[in-house]
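Keeping the supplied structure of chain A fixed, place chain B upon it in accordance with the hints.
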Amino acid sequence: MFHNILNSDGKVKKGPKAIPVTLSTRIRLARNLQKYPFPGRAEASEKRAVLSKCIDALKSVKGLNDSISVEVDDLSELDRQILVEQHLISPELSQVEEGSGIFLTPDRSCCVMINEEDHLRIQVLRPGLDFKTVWQAADAVDSGIESAVNYAYDGDLGFLTACPTNLGTGMRASVMMHLPGLVMSKNMDKVINAVNLLGIAVRGLFGEGSDANGSIFQISNQQTLGESEGAIIDRLNSTLKSLVEQENNAREKLLQDDRAKLIDKMSRAVGILKTCHQMQSSEAMDLLSLIRLATDFGMLPEKFRGLADKMFIEIQPGHVQFSAGKSIEPSFRDELRAELLRNQFVRAPSLTFNS
Amino acid sequence: MDTDNSGTAMVCESCGTTHQEFKKGGRLGCEACYHVFRPVLDPLLDGMHAGIKHLGKIPSGSASRVKFERSVETLKTELKDAVEKEDYEKAALIRDKLRELESKAES
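Residue numbers (my numbering), protein chains in the order written: chain A, 1 to 355; chain B, 1 to 107.
Isolated chain A (complex conformation) (with noise of 0.2 Å):
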């Protein structure tokens, strides 16, 4: 049932069409029941009893009635890895040891994490930038359960958290962006100290700590107390807007300044997914990044950068394992990955481009 909705794509609707720099939306609500202790503090039976009533709110919720609920003791090791390679899931909840779960719709739009640091994290995710349609479904989910719960709340500090990083809107709003322009030419970490300023965090692909892969990062509002929703959003996107045109900026720059050595680049990355007989994952992860510039270059037709976003995905290992359908070796798995994208990009054309 679980591996059904992880892997069919038959009832993910089509979603807006990939555009350059941004990949994805994500607004995510962190919330606290009423008089029970934190997930951090708390007793099995504790945790038992929130994830129940966390669930039987969550089917009241008006749509999400056809979701599915998912005891994180129930998965697999490979199943809890799928999902943070999704990331529907954090990195944490895939580690606990009982009482929590996952609350899943079948578009795998919304995921509800129960019992990771607070006992609900309502995540609302989509492709493409589009914080307000992203909000709102988050908005309507928060509301819902809360119409069936009391929320751990302060007429002060607003929603309680077990971090007080969290505290108010319990509100990380977050962006996934492909900035290659500003990696290549070795601005990323200048940007990265001048948007912490404005309250603005920047992580790589898998949350915190994780290291960037195929340049692509998740920005982040660090702050979630003192500002309503609504501005903190604001603020996010006018960074964002700026992190954009920073990034074309920096793009045209590299096209002019070692349009040579670029073009050769991302020309090489299209050859060896194309003949490729082992690859890493790392590797794959730079290869695709270039696959996405050279796409938002018009080098590529514009179907490549929707599936350089799908392969991002497809290619890391737990995966890659899945695909396989039985354990394999990590050497093996290196030789499964790269026929994967073979097969992908077995008809790439040569980039198309005015010398």
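For the record, the hints were derived by calculation from the structure and aren't laboratory data.
Heads up, some of the hints might be wrong.
Claimed, not checked - 20 Å max Cα-Cα, derived SDA-like pairs, lysine to any residue:
#, chain 1, residue 1, chain 2, residue 2
1, A, Lys-17, A, Glu-146
2, A, Lys-35, B, Lys-23
3, B, Lys-53, A, Thr-275
4, A, Lys-303, A, Lys-326
5, B, Lys-104, A, Glu-146
6, A, Lys-265, B, Ala-105
7, A, Lys-53, B, Ala-105
8, B, Lys-23, A, Gly-40
9, A, Lys-326, A, Asp-79
10, A, Lys-35, B, Glu-102
11, A, Lys-35, B, Arg-38
12, A, Lys-35, B, Lys-104
13, A, Lys-35, B, Pro-59
14, A, Lys-274, A, Lys-326
Claimed, not checked - Which bits of chain B does chain A cover? Going by a derived footprint, with three or more residues having C-beta under 8 Å, they are:
#, region
15, 12-19
16, 35-49
Virtual Cβ for every residue (Gly too), placed ideally from N, Cα, C.
Below, chain B without anything else, positioned relative to chain A:
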């Protein structure tokens, strides 16, 4: 022993989280911790966030809940007063009202 200004150890009676644990792990244990550790929390929040007052979403159930909690509080004060004045007739009436409110809250 970790102590606050008044010299007593700071610990949340509700969940057992100590000030030491909070300082080390940065996590609070339950909603009551926010009252217990408020004196050490406020300066932290000031540096951490854009402000120290929540300006975001208010849960819709919270308005009636706050009202309920306030009436319970008021009644409890009145009850204490009545008992102190040995007005047991009034105290009994207040106790009934409290029970009624609490049973409503249960359902």
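To see whether the hints hold, each was checked on the structure:
no.	hint	in the structure
1	Lys-17(A) - Glu-146(A)	violated, 33 Å
2	Lys-35(A) - Lys-23(B)	violated, 23 Å
3	Lys-53(B) - Thr-275(A)	violated, 58 Å
4	Lys-303(A) - Lys-326(A)	violated, 31 Å
5	Lys-104(B) - Glu-146(A)	holds, 19 Å
6	Lys-265(A) - Ala-105(B)	violated, 67 Å
7	Lys-53(A) - Ala-105(B)	holds, 17 Å
8	Lys-23(B) - Gly-40(A)	holds, 15 Å
9	Lys-326(A) - Asp-79(A)	holds, 13 Å
10	Lys-35(A) - Glu-102(B)	holds, 16 Å
11	Lys-35(A) - Arg-38(B)	holds, 18 Å
12	Lys-35(A) - Lys-104(B)	holds, 18 Å
13	Lys-35(A) - Pro-59(B)	holds, 16 Å
14	Lys-274(A) - Lys-326(A)	violated, 25 Å
15	12-19	holds (count 4)
16	35-49	holds (count 5)
This entry does not satisfy hints 1, 2, 3, 4, 6 and 14, going by the numbered hints stated previously.
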